[in-house]
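There are 2 protein chains.
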Amino acid sequence: MVDVPQLVEQARQGRPRAVARLISLVEGAAPELREVMAALAPLTGNAYVVGLTGSPGVGKSTTTSALVTAYRKTGKRVGVLAVDPSSPFSGGALLGDRVRMSEHASDPGVYIRSMATRGHLGGLAWAAPQAIRVLDGAGCDVILVETVGVGQSEVEIASQADTSVVLLAPGMGDGIQAAKAGILEIGDVYVVNKADRDGADATARELNHMLGLGESRAPGDWRPPIVKTVAARSEGVDEVVEALEKHRAWMEEHGVLAERRRARAAHEVETIAVTALRERIGDLSGDRRLEALAERIVAGETDPYRAADELVDGVTNGG
Amino acid sequence: MVDVPQLVEQARQGRPRAVARLISLVEGAAPELREVMAALAPLTGNAYVVGLTGSPGVGKSTTTSALVTAYRKTGKRVGVLAVDPSSPFSGGALLGDRVRMSEHASDPGVYIRSMATRGHLGGLAWAAPQAIRVLDGAGCDVILVETVGVGQSEVEIASQADTSVVLLAPGMGDGIQAAKAGILEIGDVYVVNKADRDGADATARELNHMLGLGESRAPGDWRPPIVKTVAARSEGVDEVVEALEKHRAWMEEHGVLAERRRARAAHEVETIAVTALRERIGDLSGDRRLEALAERIVAGETDPYRAADELVDGVTNGG
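As you go down the protein sequences, you meet chains H and S in turn.
Under our numbering, think of the first position of the first sequence as 1, with each following residue one higher.
Under our numbering, think of the first position of the second sequence as 320, with each following residue one higher.
None of these hints come from the bench; they were simulated from the model.
Check before you lean on any hint, since a few could be wrong.
Stated by the list, open to error - Which bits of chain H does chain S cover? Going by a derived footprint, with three or more residues having C-beta under 8 Å, they are:
{"id": "1", "region": "254–263"}
{"id": "2", "region": "268–278"}
{"id": "3", "region": "297–305"}
As the list claims (entries may be wrong) - Have a look at the derived ranges for each label pair, beta carbon to beta carbon:
{"id": "4", "chain 1": "S", "residue 1": "Arg391", "chain 2": "H", "residue 2": "Arg233", "range": "32 to 38 Å"}
{"id": "5", "chain 1": "H", "residue 1": "Asn317", "chain 2": "S", "residue 2": "Glu572", "range": "38 to 44 Å"}
{"id": "6", "chain 1": "H", "residue 1": "His209", "chain 2": "S", "residue 2": "Asp426", "range": "54 to 60 Å"}
{"id": "7", "chain 1": "S", "residue 1": "Ala618", "chain 2": "H", "residue 2": "Gly282", "range": "31 to 37 Å"}
{"id": "8", "chain 1": "H", "residue 1": "Gly220", "chain 2": "S", "residue 2": "Glu328", "range": "57 to 63 Å"}
Just so we're clear, the structure is a prediction, and the values are computed from it rather than from any experiment.
From the three backbone atoms N, C-alpha and C, an ideal C-beta is built for every residue, glycine too.
With the sequences and hints as input, model every part of the structure.
Printed below as a string of structure tokens:
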């Protein structure tokens, strides 16, 4: 038996093993999941959640690590959730990054957690917000969520942050890639990392153009800043923190932060509800009902819509 | 009022406007959608569905066009469903490709349809199988489904084909990209296009290695062939058709074709059912129930799971 109240209390005290245990319970959809979530509810809502996304190779891990250092200097407790197969946290990256991050490993004010990407749609989007909740409830002031910027589910995760940072690097054709993945639309702050390389100014200009930042905006509108950094040497990182704090202040002033959090919670609830309903369908297919319907469709005896009606009836009427 | 039986009859006769109309009804989730699907059910199951996927720039459209020509030579009726923002069919590609495809536009034995990618998860995966059903019911012998090979939803669409073709081109780092997107696992046939370029042999070798094609397999197992093509000059395209026909024969011999179609139908039904249930949740949020729950979560008064329980109860008990 897991003593959930004790675990939550230990997590509040900043014990990393308790935090790790809670996230594992959440991630693995353990029987205690609901008890954990209920216990955390009154403790959440304090963390500032920053999403960082970008193509592989732009320096997300290095930037994340530099941001951790910057926030630690101001005494903040920092949580890092790395949702990235190429991240050092999940073991796929360069030794340099790993060493870089390991300096934070011994800091009790930093909690680092990696999360493997799941194979099915919605899987990750479902687990990440719960892990964020654990870090929030454990007293993190800032949570950095690092995701690799390809695919819809990563965009979805990034959209669950209070502030989304999109990273680019010169000469990687990132502009096009980013536009394709739809991540250009989600940035509140843009970072052109590796700004000591050729083409950094061109990348910033291209970005400025693509985002229409030169155009006039209504007063009070947020104009996403483009910050140039060399994260490996911590250059420009304080400016990123400054941009983040400005965005946060702007959101609070305009009621955007509360609105984003409501939208995030609504999305979270909907995802969980849909997952639960999907599971009920899965239970139905346990008695071969789904398989039998599929056979009838292949045989041309019914169509997918009539078949779906039967499934829905089965779920909603307990049939 | 739409006369669905008449439209279906005209589509059977190969009238492109009727086919276009049916797909539009299906894509737009028109009120007639269910009637269309019911009318098509007994007419489907004859088409051989081939999925083609790969990164932008590998020559998917050119290869698709060359395959259309090859199949037309054997008198087959061919449907093309292009699910790709960079495809000529949806207007984003090079003039050369457009001209190339336009030769088929006047051929009554070819039906070409583009499909825009949707913004939300599951949207496209939901519409594409229905469009395939229309083309199948309209009497296409072969349906080529061209998708851009990035992201989970494209992989999902490709997995709904009878045979999946993964395209690569030399010198694009495609191996890594493909592995990342998970598309390397889905290929039944691999095509290294632009094989007249430097590095084609290296790409084929790398692919051969990554797929473990050098390793021994159980007798009767399918060993995905790697075909080198220069689609722009139709070189190797007959070999691709041959590989497709071999795969189809192998699937029929081993009961794999029927199994894949059953799995596809099951997935389709499940997707429709989940979408229907999601819509019911959407209806609930119409009366601000979801919003109210979200506010209570943000305030720490409840957690997402308890909130989701309320939503699910509302859906399943009509509450």
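Each hint, compared with the structure:
no.	hint	in the structure
1	254–263	holds (count 4)
2	268–278	holds (count 9)
3	297–305	holds (count 9)
4	S/Arg391 x H/Arg233: 32 to 38 Å	violated (60 Å)
5	H/Asn317 x S/Glu572: 38 to 44 Å	holds (42 Å)
6	H/His209 x S/Asp426: 54 to 60 Å	violated (42 Å)
7	S/Ala618 x H/Gly282: 31 to 37 Å	holds (33 Å)
8	H/Gly220 x S/Glu328: 57 to 63 Å	holds (58 Å)
Checked against the numbered hints above, the structure breaks hints 4, 6 and satisfies the rest.
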